[in-house]
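Undergrad: So the protein lines, in turn, are chains A and B. The opening position of the first sequence corresponds to residue 1008 in our numbering, with each subsequent residue numbered one higher. The opening position of the second sequence corresponds to residue 1008 in our numbering, with each subsequent residue numbered one higher.
Keep in mind that the hints were calculated from the coordinates and are not lab data. Treat the hints with care, as some may be off.
When chains are identical, the list treats them as one kind, so a pair holds in a single copy or across two.
Straight-line distance between alpha carbons at most 30 Å, and here's what the computed DSS-like set of lysine-lysine pairs gives [stated by the list, open to error]:
(1) Lys1125 with Lys1012
(2) Lys1067 with Lys1086
(3) Lys1033 with Lys1086
(4) Lys1042 with Lys1123
(5) Lys1059 with Lys1033
(6) Lys1086 with Lys1012
(7) Lys1067 with Lys1052
(8) Lys1086 with Lys1123
(9) Lys1042 with Lys1059
(10) Lys1042 with Lys1067
This is what each chain is made of:
There are 2 protein chains.
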Amino acid sequence: MFFSKSFGYALRGILYIALLQDEQRKIQIDEIAQKLSVPRHFLGKIMQGVVKAGLLQSTKGPYGGFSMNETTLTTPLIKLVEITDGLDQFNICVLQLRNCNAVNPCPLHQEMEGIKTKLLLMFNQTTIVDLLNDNKKVFIKSLATQ
Amino acid sequence: MFFSKSFGYALRGILYIALLQDEQRKIQIDEIAQKLSVPRHFLGKIMQGVVKAGLLQSTKGPYGGFSMNETTLTTPLIKLVEITDGLDQFNICVLQLRNCNAVNPCPLHQEMEGIKTKLLLMFNQTTIVDLLNDNKKVFIKSLATQ
DNA sequence: TGATTAAAAGACATCCGCATCTTTTATGGC
DNA sequence: GCCATAAAAGATGCGGATGTCTTTTAATCA
Ligand code: FES
Ligand code: FES
Chain A
1008 MFFSKSFGYA
1018 LRGILYIALL
1028 QDEQRKIQID
1038 EIAQKLSVPR
1048 HFLGKIMQGV
1058 VKAGLLQSTK
1068 GPYGGFSMNE
1078 TTLTTPLIKL
1088 VEITDGLDQF
1098 NICVLQLRNC
1108 NAVNPCPLHQ
1118 EMEGIKTKLL
1128 LMFNQTTIVD
1138 LLNDNKKVFI
1148 KSLATQ
Chain B
1008 MFFSKSFGYA
1018 LRGILYIALL
1028 QDEQRKIQID
1038 EIAQKLSVPR
1048 HFLGKIMQGV
1058 VKAGLLQSTK
1068 GPYGGFSMNE
1078 TTLTTPLIKL
1088 VEITDGLDQF
1098 NICVLQLRNC
1108 NAVNPCPLHQ
1118 EMEGIKTKLL
1128 LMFNQTTIVD
1138 LLNDNKKVFI
1148 KSLATQ
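Start from the sequences and build out the full structure, keeping to the hints where you can.
TA: Here it is, written out as structure tokens:
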């Protein structure tokens, strides 16, 4: 609901990496894809975009893989939406009128705006670290599509 | 945002027909598509589905076209979503996990559920007639994509 | 019945999200 | 420098949403 598979896969990938980061090793795309039960090459593409946007670090070659950087944990979810889906979607009228704004609102504009605002507020305030909890083993397992 | 073009076009089509219904004539797809600035044949397909679902009436031949029936005005918007987009989307986990429910909730489940509930409540309670107002001329004009 | 009109139905075309596979580039160890 | 490893990058395929065009079916009127 609301967002693409790319967004869901990317978030789970980041969470998986964050949960294992204390092991002081790079996490490889093969491992992530397998543990999350997500298509490997497709996840590769997605993580590539996340790295390019600066949310994660990656290195090629032996012992290479993905790892967090100083910004990863404090990144708000809306930033990830921007990377995977873009933010244009938040300005589309539910009636598909050209302009969605309060000046020429469609009959549903105000109600939709209320819901949109609530969603945006939550995605602006919630960061990666907010989604992590102590029960890591269970949580990692639960990240798999299963 | 949230819904397909089909949903937006269908809703505008229905609203246009409803606004002109007092003229006691059938409204043709050509006129609707032109007034809404929406692709004619594509709108035809969409309206076909709306008729098949029983939300509107249509007749072929001279003086034929689309018209309301006794259920049109009191139809809740969620019914139209069901016709154009389906309701499956409301059961998809934002992390793309297989099952979205309170038993095995993902870290975002509860927050998403709150927003989803608000949206569903609004779409269940709002009917076509709720979207019509007195300023018809302005409103009809505003239905065009423009 | 025959002509006209307008929706229904179906055949295509296009684009994008999703996915797979292959080739290239960068890194580390020897 | 050479080899092995792993991400980056590119080519290709599939399916569904979107959009166009043509053919068929049904209704009205003369
Ligand atoms: S104008 Fe339609 S949702 Fe904003
Ligand atoms: S379990 Fe993820 S949104 Fe419900």
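Undergrad: Are the hints correct? Go through all of them and say.
TA: Verification of the hints:
no.: 1; hint: Lys1125 with Lys1012; result: both (22 Å within a copy, 23 Å between copies)
no.: 2; hint: Lys1067 with Lys1086; result: within (25 Å within a copy, 51 Å between copies)
no.: 3; hint: Lys1033 with Lys1086; result: within (23 Å within a copy, 49 Å between copies)
no.: 4; hint: Lys1042 with Lys1123; result: between (33 Å within a copy, 29 Å between copies)
no.: 5; hint: Lys1059 with Lys1033; result: within (17 Å within a copy, 56 Å between copies)
no.: 6; hint: Lys1086 with Lys1012; result: both (16 Å within a copy, 26 Å between copies)
no.: 7; hint: Lys1067 with Lys1052; result: within (15 Å within a copy, 50 Å between copies)
no.: 8; hint: Lys1086 with Lys1123; result: both (16 Å within a copy, 21 Å between copies)
no.: 9; hint: Lys1042 with Lys1059; result: within (23 Å within a copy, 45 Å between copies)
no.: 10; hint: Lys1042 with Lys1067; result: within (21 Å within a copy, 56 Å between copies)
Of the numbered hints given earlier, the model fails none.
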